[in-house]
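**Q** Here the sequence shown is numbered in my numbering, starting from 7 and rising by one per residue.
Worth flagging that the hints you see were computed from the coordinates, not collected in a lab. Any given hint might turn out to be false.
Once the Cα atoms are required to be at most 30 Å apart in a straight line, the calculated DSS-like pairs of lysine-lysine come out as [unchecked claim]: (1) K34 x K23; (2) K32 x K101; (3) K33 x K101; (4) K101 x K34; (5) K33 x K23.
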Amino acid sequence: NTPWVLAVAAYVGDDSKARLNAVQSKKKVSNMQIHLSRCVLGLLGAMVFFCLIWATVGEAIDSDDDSWLIRFIRYFVTFYYVVPVSLYVIFEMFKLFLGRQVDIDPQMVDPDTGLGAVA
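From just these sequences and the hints, can you work out the full model?
**A** Right under this line is the structure:
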């Protein structure tokens, strides 16, 4: 029941608005992109593992003049198609397509303002 109050905030701590806004926010990444990245890293790791094995076995069995590193690189280049880089391109195109579908969807229009959703 007081018409006005005079106060001083001497210590606001870590819960102040300025302090909370100064923290870096997390990157927003979809679950599908996280799983896609894990799958590609798994494929890359498996490919490197098998190339290591094949280069070592090839060095032990075959007696030509190629070094172990040359054999490893040869196997790596031969099997690089196992890692689907085009999958990332298709994923990005799919996100653009879905965003466009949200933009043109007539059910996503606000009846009060007449503005549609923007993805």
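**Q** Against each hint, give a clear statement of whether it holds in the structure.
**A** Consistency of the hints with the structure:
1. K34 x K23: 22 Å, holds
2. K32 x K101: Measuring from Cα to Cα gives roughly 20 Å; hence the hint holds.
3. K33 x K101: 17 Å, holds
4. K101 x K34: 14 Å, holds
5. K33 x K23: 21 Å, holds
The structure meets every hint from the earlier list without exception.
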